[in-house]
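Work out the full structure: start from the sequences and follow the hints.
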Amino acid sequence: KMSSGAADLRQRKKQNCTESDKMAPQERNKENSKLGRSPKYMLIQRFAKLFFGCLAAVTSGMMYAVYLSTYHERKFWFSSRQELEREITFQGDSAIYYSFYKELLKAPSFERGVYELTHNNKTVSLKTINAVQQMTLYPELIASVLYQASGSEEVIEPVYFYIGIVFGLQGIYVTALFVTSWVMSGTWLAGMLTVAWFIINRTDTTRIDYSIPSRENWALPYFACQVAALTGYLKKNLNCSAEKFCYLLVNASTYTFMMMWEYSHYLLFVQAVSLFLLDSFALAQTEKVHEVYRIYLFSLIVGYLLQFENSALLVSPLLSLVVALMLSKSLQMNMKKSTFVSRLLKIMYIYLVLTVAVTINFLLKMFIPHKENEHLLKFIEVKLGLNTTKNFTMNWLLCQESLQAPSQDFFLRLTQSSLLPFYILVLIICLFSVTQVIFRRICGEPLKETVKLEDGRIGERPEIVYHVIHTILLGCLAMCLEGMKYLWTPYVCMLAAFGVCSPELWMTLFKWLRLKAVHPILLALILSMAVPTIIGFSLWKEFFPRIMTELTELQEFYDPDTVELMTWIKRQAPVAAVFAGSPQLMGVIKLCTGWTVSSLPLYNDDDLLKRNENIYQIYSKRSAEDIYKILTSYKANFLVIEDSICNEVGPVRGCRVKDLLDIANGHVVCEEGDNYAYSKYGRFCHEIKMNYSPYVNYFTRVYWNRSYFVYKINTVISFQS
Numbered sequence: 001k002m003s004s005g006a007a008d009l010r011q012r013k014k015q016n017c018t019e020s021d022k023m024a025p026q027e028r029n030k031e032n033s034k035l036g037r038s039p040k041y042m043l044i045q046r047f048a049k050l051f052f053g054c055l056a057a058v059t060s061g062m063m064y065a066v067y068l069s070t071y072h073e074r075k076f077w078f079s080s081r082q083e084l085e086r087e088i089t090f091q092g093d094s095a096i097y098y099s100f101y102k103e104l105l106k107a108p109s110f111e112r113g114v115y116e117l118t119h120n121n122k123t124v125s126l127k128t129i130n131a132v133q134q135m136t137l138y139p140e141l142i143a144s145v146l147y148q149a150s151g152s153e154e155v156i157e158p159v160y161f162y163i164g165i166v167f168g169l170q171g172i173y174v175t176a177l178f179v180t181s182w183v184m185s186g187t188w189l190a191g192m193l194t195v196a197w198f199i200i201n202r203t204d205t206t207r208i209d210y211s212i213p214s215r216e217n218w219a220l221p222y223f224a225c226q227v228a229a230l231t232g233y234l235k236k237n238l239n240c241s242a243e244k245f246c247y248l249l250v251n252a253s254t255y256t257f258m259m260m261w262e263y264s265h266y267l268l269f270v271q272a273v274s275l276f277l278l279d280s281f282a283l284a285q286t287e288k289v290h291e292v293y294r295i296y297l298f299s300l301i302v303g304y305l306l307q308f309e310n311s312a313l314l315v316s317p318l319l320s321l322v323v324a325l326m327l328s329k330s331l332q333m334n335m336k337k338s339t340f341v342s343r344l345l346k347i348m349y350i351y352l353v354l355t356v357a358v359t360i361n362f363l364l365k366m367f368i369p370h371k372e373n374e375h376l377l378k379f380i381e382v383k384l385g386l387n388t389t390k391n392f393t394m395n396w397l398l399c400q401e402s403l404q405a406p407s408q409d410f411f412l413r414l415t416q417s418s419l420l421p422f423y424i425l426v427l428i429i430c431l432f433s434v435t436q437v438i439f440r441r442i443c444g445e446p447l448k449e450t451v452k453l454e455d456g457r458i459g460e461r462p463e464i465v466y467h468v469i470h471t472i473l474l475g476c477l478a479m480c481l482e483g484m485k486y487l488w489t490p491y492v493c494m495l496a497a498f499g500v501c502s503p504e505l506w507m508t509l510f511k512w513l514r515l516k517a518v519h520p521i522l523l524a525l526i527l528s529m530a531v532p533t534i535i536g537f538s539l540w541k542e543f544f545p546r547i548m549t550e551l552t553e554l555q556e557f558y559d560p561d562t563v564e565l566m567t568w569i570k571r572q573a574p575v576a577a578v579f580a581g582s583p584q585l586m587g588v589i590k591l592c593t594g595w596t597v598s599s600l601p602l603y604n605d606d607d608l609l610k611r612n613e614n615i616y617q618i619y620s621k622r623s624a625e626d627i628y629k630i631l632t633s634y635k636a637n638f639l640v641i642e643d644s645i646c647n648e649v650g651p652v653r654g655c656r657v658k659d660l661l662d663i664a665n666g667h668v669v670c671e672e673g674d675n676y677a678y679s680k681y682g683r684f685c686h687e688i689k690m691n692y693s694p695y696v697n698y699f700t701r702v703y704w705n706r707s708y709f710v711y712k713i714n715t716v717i718s719f720q721s
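Heads up, the sequence shown is in full-length UniProt numbering, so the first residue is 1 and it goes up one at a time.
FYI, nobody ran anything at the bench for these hints, they're computed from the structure.
Remember, predicted model here, so these are calculated numbers, not experimental data.
Hints may be right or wrong, so weigh each one.
Claimed, not checked - Computed list of lysine-lysine pairs in DSBU-like fashion (alpha-carbon distance at most 35 Å, straight line):
no.: 1; residue 1: 127; residue 2: 390
no.: 2; residue 1: 378; residue 2: 236
no.: 3; residue 1: 378; residue 2: 629
no.: 4; residue 1: 712; residue 2: 629
no.: 5; residue 1: 102; residue 2: 75
no.: 6; residue 1: 712; residue 2: 610
no.: 7; residue 1: 49; residue 2: 236
no.: 8; residue 1: 49; residue 2: 244
no.: 9; residue 1: 378; residue 2: 390
no.: 10; residue 1: 610; residue 2: 127
no.: 11; residue 1: 122; residue 2: 106
no.: 12; residue 1: 346; residue 2: 127
no.: 13; residue 1: 40; residue 2: 390
no.: 14; residue 1: 511; residue 2: 106
no.: 15; residue 1: 235; residue 2: 40
no.: 16; residue 1: 689; residue 2: 122
no.: 17; residue 1: 541; residue 2: 610
no.: 18; residue 1: 629; residue 2: 610
no.: 19; residue 1: 610; residue 2: 122
no.: 20; residue 1: 570; residue 2: 689
no.: 21; residue 1: 452; residue 2: 390
no.: 22; residue 1: 365; residue 2: 390
no.: 23; residue 1: 329; residue 2: 40
no.: 24; residue 1: 365; residue 2: 288
no.: 25; residue 1: 610; residue 2: 511
no.: 26; residue 1: 365; residue 2: 610
no.: 27; residue 1: 680; residue 2: 383
no.: 28; residue 1: 383; residue 2: 346
no.: 29; residue 1: 288; residue 2: 346
no.: 30; residue 1: 49; residue 2: 511
no.: 31; residue 1: 49; residue 2: 75
no.: 32; residue 1: 570; residue 2: 127
no.: 33; residue 1: 288; residue 2: 235
Stated by the list, open to error - Okay, the calculated beta carbon distance ranges per label pair:
no.: 34; residue 1: 533; residue 2: 378; range: 48 to 54 Å
no.: 35; residue 1: 203; residue 2: 263; range: 17 to 23 Å
no.: 36; residue 1: 681; residue 2: 358; range: 44 to 50 Å
Glycine included, every Cβ here is placed at the ideal spot set by N, Cα and C.
This is how it looks when you write it as structure tokens:
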């Protein structure tokens with residue numbers, strides 16, 4: 001029975017494809033005959049539109065990649081720097097990612113390099129890690145293969161090849177946004193406006209400026225391609241070949257996105273919720289939506305296998321939701337009838353899916369051991385005010401700017417570029433139109449097979465409804481966490497550009513206003529050309545000079561103290577030495593010197609989180625003996641103290657590292673509303689610089705400059721007075 005049902009479904013899909021392929025030319029021929037145009041003329045016109053649109057999309061992506069490369073060169077003087085000075089520009093977790101890329105290139109063979117990464121015991125002391133799984137190093141694996149297979153060793157340096165790939169992906173990112181806006185609006189003028197807004201608001205659309213190797217810079221271009229393909233796939237009356245192409249592209253990009261970023265399944269979960277709501281009100285073809293669910297399921301299974309049986313994917317909310325949707329599909333089949341019972345079934349269907357999804361997720365977490373994302377759940381509890389904690393790591397995360405609510409400056413920047421006002425206008429019109437369509441569906445009115453311009457019903461297009469729901473969900477997340485703006489703002493650019501360039505959106509507005517003085521269709525066509533043109537000229541006049549100034553102005557990034565520290569380590573420290581210090585600095589030391597470190601700037605492993613908290617105690621009010629025991633428990637030989645952390649004067653008191661440590665250690669006393677740090681020991685990072693007992697018994701200063709103090713951890717303790 002199941003095989004016959006699947007065969008029937010395939011047969012219906014074939015018939016739908018065949019019917020749409022046959023109907024589309026007939027409808028176009030009728031329109032052409034009315035306008036007195038020959039089919040040959042229309043074919044040439046369509047080809048010219050497609051050719052110039054694709055040319056504009058590809059050119060926009062290439063120009064953006066060149067722009068990023070030029071700006072990066074002007075900012076860091078990359079071509080005139082030594083290798084050590086170039087590597088220092090990679091900070092924190094970015095340094096760790098690039099260090100593994102270097103190790104892969106140094107390995108005698110690719111297979112040996114992969115083995116060393118999956119059984120890595122030279123990065124973190126006393127710990128063997130599977131770096132490929134734990135840090136999602138598939139981008140570095142691909143980059144190293146491409147570098148060696150293409151014979152680029154004699155043509156380009158590894159660092160230029162690496163950042164070149166990332167900049168190229170950003171070009172693909174912009175091209176995908178261009179295509180999405182073009183597909184939705186029908187004009188590539190919307191794509192041009194999308195790219196303009198994206199570049200002007202670069203501070204809020206991407207983190208490429210200061211974190212090139214980050215996972216999101218590798219992953220989000222694939223997600224943008226997936227969204228572009230999904231937009232085309234959801235369109236009505238799509239011919240069979242275009243539908244198959246979009247389906248295959250959704251498949252490939254979803255799987256690749258899953259492999260590039262460890263948090264990709266959360267973003268796909270938000271997308272799945274958008275499709276679920278779209279399908280619940282019967283605003284899209286159910287078969288297409290369920291095909292996307294199958295793509296999610298396939299990507300999760302393949303990702304689980306290739307990511308070394310990553311249990312985080314099995315307990316992800318995406319898997320629970322997809323399984324619940326598959327199980328609830330039989331109930332949904334009875335909702336297509338326009339009866340009172342079917343309306344009740346819609347409410348029951350939504351409730352059933354959510355209940356089953358939560359139940360499945362709860363059961364999976366009960367039976368599948370998982371630790372990878374427990375700290376995320378704790379963070380969400382504290383962030384929402386459901387719990388309080390003195391834990392150093394949780395409070396440190398809460399103090400990070402990317403995890404705060406967005407500032408007023410963010411909204412001011414979007415308003416100054418005219419992006420936010422037009423986005424709100426487009427969103428309101430689309431949202432009201434979608435609400436009208438949902439109300440009609442509840443009342444039993446069927447959707448039109450083809451929505452014409454004069455109908456003024458932009459809310460009946462499934463791809464538009466999907467984007468409205470998706471951008472609202474992402475916007476809600478961005479209002480809670482500023483770091484989420486890098487996911488939301490690019491789609492704000494795309495949706496706003498689509499709206500002002502779409503005659504259908506203006507026609508929808510005029511239908512509500514009931515214009516009679518001017519022909520609404522003519523006015524909609526005029527505004528869809530005039531408004532984006534005016535916006536484009538105003539953006540060109542105000543922002544183009546600023547962009548050119550960025551590219552011509554030479555900036556200077558030089559950190560002599562860090563260069564001196566790395567040079568001293570490479571020349572003076574033993575090869576087997578283990579360094580301890582702040583996780584961010586340890587990432588740079590690992591990249592620039594290759595020496596083993598005691599901690600890493602990673603927050604997806606409980607053991608590393610505990611290590612980071614313990615080693616941060618060098619900035620707390622603890623005794624020399626306590627610090628010595630902590631450091632020797634990780635087999636550390638050298639300690640690096642940063643003056644910038646020890647003497648930190650942060651803008652928000654209570655968010656400095658030393659304040660958070662005092663709170664976690666119970667060294668804070670509250671008197672009359674004021675907090676005071678109290679301990680019988682002085683702050684370790686200050687006291688050790690005084691060179692008196694007992695500090696000199698445990699530690700010997702071997703190097704210092706204006707920013708760093710390096711101490712050798714004594715193996716034999718000398719108790720001198």
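Cross-check of the supplied hints:
Between residue 127 and residue 390 the alpha-carbon distance is near 27 Å, which keeps this suggested pair within the 35 Å criterion. Pair hint residue 378 plus residue 236 does not hold up; C-alpha atoms about 43 Å apart against a cutoff of 35 Å. A threshold of 35 Å between alpha carbons decides the hint, and for residue 378 with residue 629 the separation of about 29 Å falls inside it, so the pair holds. The straight-line distance between the Cα atoms of residue 712 and residue 629 is roughly 14 Å, inside the 35 Å bound, and the hint therefore holds.
In summary, the hint linking residue 102 to residue 75 is supported, as the alpha carbons are separated by about 23 Å, within the 35 Å threshold. Note on residue 712 and residue 610: the hinted pairing holds, with a Cα-Cα distance of about 23 Å set against a maximum of 35 Å. Between residue 49 and residue 236 the CA atoms are separated by roughly 20 Å; this keeps the pair inside 35 Å, and the hint holds. About 22 Å separates the Cα atoms of residue 49 and residue 244, which keeps this hinted pair within 35 Å; it holds.
A distance of roughly 12 Å separates the Cα atoms of residue 378 and residue 390; the hinted pair therefore holds under the 35 Å criterion. With a CA separation close to 13 Å, the supplied pair residue 610 and residue 127 stays within the 35 Å bound. Distance restraint check for residue 122 and residue 106: the Cα-Cα separation of roughly 14 Å lies within the 35 Å cut-off, and the hinted pair is therefore satisfied. Restraint check for residue 346 and residue 127: not satisfied, since their Cα atoms lie roughly 52 Å apart, outside the 35 Å limit.
Pair hint residue 40 plus residue 390 does not hold up; C-alpha atoms about 73 Å apart against a cutoff of 35 Å. In summary, the hint linking residue 511 to residue 106 is not supported, as the alpha carbons are separated by about 66 Å, beyond the 35 Å threshold. Among the hinted pairs, residue 235 with residue 40 is consistent with the structure: their alpha-carbon atoms are about 25 Å apart, no more than 35 Å. Between residue 689 and residue 122 the alpha-carbon distance is near 30 Å, which keeps this suggested pair within the 35 Å criterion.
For the proposed pair residue 541 and residue 610, the alpha carbon gap of about 52 Å is over 35 Å, so the pair is violated. Between residue 629 and residue 610, the direct Cα distance comes to roughly 15 Å. Compliance with the 35 Å bound is thereby established for this hinted pair. Distance hint between residue 610 and residue 122 is fulfilled; the C-alpha atoms sit about 19 Å from each other, no more than 35 Å. Restraint check: the Cα-Cα separation between residue 570 and residue 689 comes to about 24 Å, which is no more than 35 Å; the hinted pair holds.
Distance restraint check for residue 452 and residue 390: the Cα-Cα separation of roughly 60 Å exceeds the 35 Å cut-off, and the hinted pair is therefore not satisfied. For the given pair, residue 365 sits about 26 Å from residue 390 by alpha-carbon distance, which is consistent with the 35 Å threshold. Proposed proximity of residue 329 and residue 40 is contradicted: the alpha carbons are some 45 Å apart, above 35 Å. Annotation: proposed proximity of residue 365 to residue 288 holds, straight-line Cα distance about 30 Å (limit 35 Å).
A hinted pair counts as satisfied when its Cα atoms are at most 35 Å apart, and residue 610 with residue 511 does not qualify at roughly 61 Å. Between residue 365 and residue 610, the direct Cα distance comes to roughly 23 Å. Compliance with the 35 Å bound is thereby established for this hinted pair. Our distance criterion of 35 Å between C-alpha atoms is met by residue 680 and residue 383, whose separation comes to about 33 Å. Proposed proximity of residue 383 and residue 346 is supported: the alpha carbons are some 33 Å apart, at most 35 Å.
Among the hinted pairs, residue 288 with residue 346 is consistent with the structure: their alpha-carbon atoms are about 19 Å apart, no more than 35 Å. Pair hint residue 49 plus residue 511 holds up; C-alpha atoms about 29 Å apart against a cutoff of 35 Å. Restraint check for residue 49 and residue 75: not satisfied, since their Cα atoms lie roughly 38 Å apart, outside the 35 Å limit. Taking the CA atoms of residue 570 and residue 127, the gap is near 23 Å; set against the 35 Å cutoff, the hint holds.
Between residue 288 and residue 235 the alpha-carbon distance is near 10 Å, which keeps this suggested pair within the 35 Å criterion. Roughly 51 Å separates the CB atoms of residue 533 and residue 378, a value that falls within the hinted 48 to 54 Å. Take residue 203 and residue 263: their Cβ atoms lie about 22 Å apart, and the range 17 to 23 Å holds. In this structure the supplied range 44 to 50 Å holds for residue 681 paired with residue 358, their Cβ-Cβ distance being about 48 Å.
Going down the numbered hints, you'll see the structure goes against 2, 12, 13, 14, 17, 21, 23, 25 and 31, while the others check out.
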